[in-house]
Amino acid sequence: AQTVTQSQPEMSVQEAETVTLSCTYDTSESDYYLFWYKQPPSRQMILVIRQEAYKQQNATENRFSVNFQKAAKSFSLKISDSQLGDAAMYFCAYRRGRTSGTYKYIFGTGTRLKVLA
Amino acid sequence: DGGITQSPKYLFRKEGQNVTLSCEQNLNHDAMYWYRQDPGQGLRLIYYSQIVNDFQKGDIAEGYSVSREKKESFPLTVTSAQKNPTAFYLCASSTGQGDGYTFGSGTRLTVV
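If you're matching them up, the sequences are chains A and B in order.
Under this note's numbering, the very last position in the first sequence is 832; numbers go up by exactly one each time.
Under this note's numbering, the very last position in the second sequence is 1181; numbers go up by exactly one each time.
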């Protein structure tokens, strides 16, 4: 069975600095998707970034980028120029590929990010 | 605008009562999901449905029931068999193409 592990329950970063959140996953499949979701205090889940496993290029979205290491099964999220609005719970998620016939996602336990002014 | 709507935002349940949480989407998504989130914890899958009139149990289905009679709607009933229902419940939907979930804003259920 697939699993997703976020080993950092909490992280802190100074405003304008860079922080990296870790995520590892376990799967025997080669086709899958990985995601980072943000849950601010409002508790609304927001998709931050998405990576397709067959794409070697790391995904980027403005100040957010990932370091996808397929062989190591690692999918870390880097937040550059951190802002106060980045303070939130961040969840890593995994989904099997399109041919698997299953659409459900597996989530990690989350990392709480604090941004210090 | 397309989106996914959960109601109510807050719900109180007395011991022994069944309550139903609503989830409606107008995104034309095939798949819908219910997750439970306890304080400081991750999301645990209760039930999911990939097509109308079909649904599967997730990791913590005991004490819950669902239906999927329409593509747009996936209500969750928390039955009296669920011994610890106080939690935050999130509904989500997806196309099934791996482009990510769209989440509702959640329902906070409290047993009084």
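Calculated from the structure, these hints are not laboratory results.
This one's a predicted model, so the numbers in the text were calculated from it and none came from an experiment.
Cβ atoms here follow ideal geometry from the backbone N, Cα and C, with glycine treated the same way.
One or more of the hints may lead you astray.
[To be verified] Straight-line Cα separation of at most 27 Å, DSS-like style, residue types lysine-lysine; simulated pairs: (1) Lys-819(A) x Lys-1140(B); (2) Lys-1083(B) x Lys-819(A); (3) Lys-819(A) x Lys-793(A); (4) Lys-829(A) x Lys-1083(B); (5) Lys-1140(B) x Lys-1083(B); (6) Lys-770(A) x Lys-788(A); (7) Lys-1078(B) x Lys-788(A); (8) Lys-770(A) x Lys-1140(B); (9) Lys-819(A) x Lys-785(A).
[Claimed, not checked] Among chain A residues calculated to face chain B with C-beta under 7 Å, some are: (10) Arg-765; (11) Lys-770; (12) Lys-785; (13) Tyr-818; (14) Lys-819; (15) Leu-831.
We went through each hint and held it up to the structure:
no.: 1; hint: Lys-819(A) x Lys-1140(B); verdict: holds (17 Å)
no.: 2; hint: Lys-1083(B) x Lys-819(A); verdict: violated (32 Å)
no.: 3; hint: Lys-819(A) x Lys-793(A); verdict: holds (25 Å)
no.: 4; hint: Lys-829(A) x Lys-1083(B); verdict: violated (36 Å)
no.: 5; hint: Lys-1140(B) x Lys-1083(B); verdict: violated (31 Å)
no.: 6; hint: Lys-770(A) x Lys-788(A); verdict: holds (14 Å)
no.: 7; hint: Lys-1078(B) x Lys-788(A); verdict: violated (37 Å)
no.: 8; hint: Lys-770(A) x Lys-1140(B); verdict: violated (32 Å)
no.: 9; hint: Lys-819(A) x Lys-785(A); verdict: holds (21 Å)
no.: 10; hint: Arg-765; verdict: holds (6 Å)
no.: 11; hint: Lys-770; verdict: violated (12 Å)
no.: 12; hint: Lys-785; verdict: violated (16 Å)
no.: 13; hint: Tyr-818; verdict: holds (4 Å)
no.: 14; hint: Lys-819; verdict: holds (5 Å)
no.: 15; hint: Leu-831; verdict: violated (20 Å)
Violated hints for the displayed structure, listed by number in ascending order: 2, 4, 5, 7, 8, 11, 12 and 15.
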